[in-house]
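Those protein sequences? They're chains B and V, same order as listed. Throughout the first sequence, residue numbering follows my numbering, covering 332 to 526 in sequence. Throughout the second sequence, residue numbering follows my numbering, covering 51 to 103 in sequence.
Rather than coming from a laboratory, the hints here were simulated on the basis of the structure. Predicted model, so just to flag it, every value in this text is computed and none were measured. Be careful, since some hints might not be right.
To be verified - Partial pick of chain V residues on the chain B-facing surface, computed with a CB cut under 10 Å: (1) 60; (2) 71; (3) 75; (4) 76; (5) 78; (6) 79; (7) 83; (8) 84; (9) 85; (10) 86.
Unchecked claim - If you anchor each label on the Cβ, the simulated ranges turn out as follows: (11) B:410 with V:55: 52 to 62 Å; (12) B:448 with V:58: 33 to 43 Å; (13) V:65 with B:435: 29 to 39 Å; (14) B:516 with V:77: 30 to 40 Å; (15) B:387 with V:52: 39 to 49 Å; (16) B:411 with V:54: 49 to 59 Å; (17) B:412 with V:51: 56 to 66 Å.
Backbone N, C-alpha and C fix where the C-beta goes; we use that ideal spot for every residue, glycine too.
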Amino acid sequence: MTTPMPALVLRASEVIGRPVVTLSGELVAEVKDVIFERAGGRIAGFTLRNPGLFSRSRKDSLPWAGVHGLGRDAVMVADETVFVATKELAPRKQARKADVLQNRVLTDTGRDLGRVVDVVLHGGTSLEVVGYEVEASETLGTAGQRVLIPLPDTVAVSGEHLIVPAAATEFVSDDLAGFGAAVDAFRSRLREGAS
Amino acid sequence: MDWWGWVILAVVVLLILITLMVVLQRRRRRGGVIGLGGPGPGLRGSSGRNDRR
Chain B
332 MTTPMPALVL
342 RASEVIGRPV
352 VTLSGELVAE
362 VKDVIFERAG
372 GRIAGFTLRN
382 PGLFSRSRKD
392 SLPWAGVHGL
402 GRDAVMVADE
412 TVFVATKELA
422 PRKQARKADV
432 LQNRVLTDTG
442 RDLGRVVDVV
452 LHGGTSLEVV
462 GYEVEASETL
472 GTAGQRVLIP
482 LPDTVAVSGE
492 HLIVPAAATE
502 FVSDDLAGFG
512 AAVDAFRSRL
522 REGAS
Chain V
51 MDWWGWVILA
61 VVVLLILITL
71 MVVLQRRRRR
81 GGVIGLGGPG
91 PGLRGSSGRN
101 DRR
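Start from the sequences, fold in the hints, and give me the full structure.
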């Protein structure tokens with residue numbers, strides 16, 4: 332990414348559907364899926380769709396390295412030459428079963444925390460997955476409400492369930508603006524526990 | 051059924067088909083958040099507590 336982004340915390344749903352615009356002002360696509368690397372949680376890029384409800388699907392994607400800038404209203408790219416074939420970024424066979432939305436979150440001690448309704452991203456020069464927004468189960472004492480759960484550096488995903496350390500329940504938040512601090516505190520706790 | 055009935059039936063069927071098309075197309079275009087790269091090395095720094103109740 333060429334333009335440094337101010338550090339921000341946002342939901343993946345705010346990025347999905349965002350227009351992809353070239354520096355010459357041409358609307359070339361919309362963001363369809365957000366792709367992240369499980370090891371490290373970094374955003375690898377975005378799959379794309381054409382604008383318009385009845386438009387044809389696209390077979391190319393935007394890798395993170397091709398993003399010129401990510402703003403509140405659009406994703407900027409230099410031009411369409413930065414796009415790559417989707418099979419390079421997100422092979423179909425892997426991608427089909429790897430969507431974390433609607434998956435259930437379990438702690439490593441076997442407690443069900445709820446169902447993922449969104450993913451929290453934190454960005455500067457790179458963008459990474461730092462938490463899940465879940466529709467909480469009774470375990471969290473806020474059944475049915477939406478809460479934010481921080482994630483460690485490595486995201487454990489396996490089929491229908493997403494696994495988080497049990498300590499994450501101590502850093503659950505409902506405030507997106509302050510969630511970055513909760514993530515930092517949680518990860519510090521994990522590092523202290525590991526050392 | 052007279053010809054008015056057929057017209058109304060055709061309009062209703064058309065509306066149902068259009069609604070179905072819109073719903074299916076919206077579902078097809080719906081985005082997600084996809085984690086790739088294998089199951090990962092597993093959790094690091096987990097609390098290791100047992101939470102048996």
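Is the distance from the Cβ of residue 516 of chain B to the Cβ of residue 77 of chain V consistent with 30 to 40 Å? Between residue 516 of chain B and residue 77 of chain V, where Cβ atoms are some 39 Å apart, the hint holds.
Evaluate the given range 39 to 49 Å for the C-beta pair formed by residue 387 of chain B and residue 52 of chain V. For residue 52 of chain V against residue 387 of chain B, whose Cβ atoms are near 42 Å apart, the range 39 to 49 Å holds.
Checking hints one by one. Is residue 85 of chain V an interface residue toward chain B, by the C-beta closer than 10 Å rule? Holds: closest Cβ of chain B sits about 5 Å from residue 85 of chain V, inside 10 Å.
Would the hint on residue 79 of chain V stand, with a C-beta cut-off of 10 Å toward chain B? 6 Å, holds
Closer than 10 Å between Cβ atoms is the bar; does residue 76 of chain V clear it against chain B? Give me holds or violated. 7 Å, holds
Outcome for the supplied range 49 to 59 Å, where the beta carbon pair is residue 411 of chain B and residue 54 of chain V: 52 Å, holds
Does residue 78 of chain V meet its interface restraint, that is, does its C-beta lie within less than 10 Å of any C-beta in chain B? 8 Å, holds
If you check the beta carbons of residue 410 of chain B and residue 55 of chain V, does the distance land in 52 to 62 Å? 57 Å, holds
Holds or violated: is the Cβ of residue 75 of chain V closer than 10 Å to a Cβ in chain B? 6 Å, holds
Interface hint for residue 71 of chain V, Cβ within 10 Å of any Cβ on chain B: Nearest chain B Cβ about 8 Å off; hint holds.
Do the Cβ positions of residue 65 of chain V and residue 435 of chain B conform to the proposed distance bound of 29 to 39 Å? Holds: the Cβ-Cβ distance is about 37 Å, inside 29 to 39 Å.
For the restraint on residue 86 of chain V, tell me whether the closest CB of chain B is nearer than 10 Å. With Cβ-Cβ at 6 Å, under 10 Å, it holds.
Against the hints set out earlier in the document, a violation occurs for number 1 only.
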